[in-house]
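Student: Residue strings, one per chain:
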Amino acid sequence: MGNATETTATKSQAKAHADAPRCPFVDGVAFDPMEHSQILDPHPWLKAAREESPVFYMDEYDEWWVTRYEDVLAIVKDTKRFSSKHVVVPKAMPGMEEAYPEGHPLAGGLINTDPPEHNRLRKVAQKAFTPGVIAPHEPAIRAYANSLIDGFIADGKVNFTDRYTRLLAGGAITIATGADSEKGDEFIRANDYVLKSSVEAPPMPPEEQQEVIDGLRSFFEWLDGFIEERRENPKDDLCSILVHAKAEDGSPTLSNWEIVRVLTNILTAGIDTTSALISMTMFNLLRERERWERLQREPELIPDVLDEVLRYAHPVRGLRRDVLEDVELGGVQLKKGTTLTVNYASAHRDQEVFGDADSFDIDRKDISKSFAFGKGTHFCIGKPLALMEARISLELLLERIPDIRLPEGEFPKVVPTRLAAFVTDLNLEWPTAR
Amino acid sequence: MKISVDRELCEGSGMCVEIAPELFELGEDDGLAVVRGDGSVPAGLEGKAIEAAETCPVQAILAQH
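One line per chain: the protein sequences are A and B, in this order. 1 is the number of the first residue of the first sequence in our numbering; add one for each residue after it. 1001 is the number of the first residue of the second sequence in our numbering; add one for each residue after it.
Nothing false has been slipped in among the hints.
As a list, the in silico DSSO-like pairs of lysine-lysine whose alpha-carbon atoms are at most 27 angstroms apart: (1) Lys1048/B x Lys77/A; (2) Lys1048/B x Lys123/A; (3) Lys80/A x Lys336/A; (4) Lys1048/B x Lys235/A; (5) Lys1048/B x Lys127/A.
These are calculated hints, taken from the structure and not from any lab test. All values derive from a computational prediction rather than experimental measurement.
Let's have the full structure, built from the sequences with the hints guiding it.
Tutor: Put into structure tokens, the structure is as follows:
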């Protein structure tokens, strides 16, 4: 039933947009952002789009893609005309309303709200996420990263994403939140459940839907208890700062459920993104080994490397916006209510802005134009934590596994979703003494 | 107390305006923070100036005596 209705809707939408520009073909091949090789490298199509149809219509998803730097930047800065209410949309699943009586955790939070509601939440969450609050967690995160490396260093090979980057990203958020690092696995599982319950995720059989709903419910129950514990015994962690934030009249700023939402946002925004950043950093350094060797000689270039990986490989490919009033964009008239995807990955390869945009170049002079962590009110709250994790990882690997290399022909494997390049597997190897 | 914004660092999150609209606003053209007036903090607003500086996600605000 559901499918039949969707098909009809898609057909009538396509008819309504019959004259709309579409993404150009490249060498006779259509753009398919769900196809594995195109998730890894959508750039030939996006480049053609920037030149020929910078704002184009995607029939399959009934949404418009925005590809040029200037347009993407203007949209993310303009919260009056472009809403973030549906950046992440939960999938409708039976039993969901009973499971989340106060609304789906994906529906509110930091990512999916506009000012002024967004700013009310952000102001509290931001205090828990300044570089000054994050920095004291560095020794614990470094120790955790070292313990992960201890687990595979003797093997001479590793699925780096599976056994390091995802665990580190989950562990770092767990540590920053204030929970024991052993809770990291549960944070990662909760992250996976949340991603599975978004509309972009592939359909699930009923048993799996139930597992997702039950799993999330039990995680939220634990989180609720943890919030209560921190209410009684505050510490210097993210959860305590959120719990004890007070309005000017002394009343608590956030309810327990709002804290659950903010923490859920933070963990889902910070695990696969940061994991992909670290995996893509190693992939791009090792695919041209002189890059890795240069970093061994000049480790002070680590921040430049990370900036360039973010621009070039861009783990977050696009984010959704709703058009709040009729606008003209890239020569196309868009009606109020239209859904857009601002394509960050494309904007950061725009040859009008970045010289030799398709080259990976850690010496580039125009990197300050990058806005890989966003711009304006939704500027990524987790940037200092993400960059800390990536820096620690490079420092430790340069020191502990200097001979690490990419196996012949190795490419990362990614999750099939059109809005991100989340890595699931990246194999690395190195000679061992034995 | 004097305040200033490093506009090279500012990402326009608007947190300073949220905390102290008396002291900061976002530029019409670029959406980045600017200090209202000459940057002198009126008596009674020092606490808000420090809070804004401490909360800035990119540490772009300088507040000093």
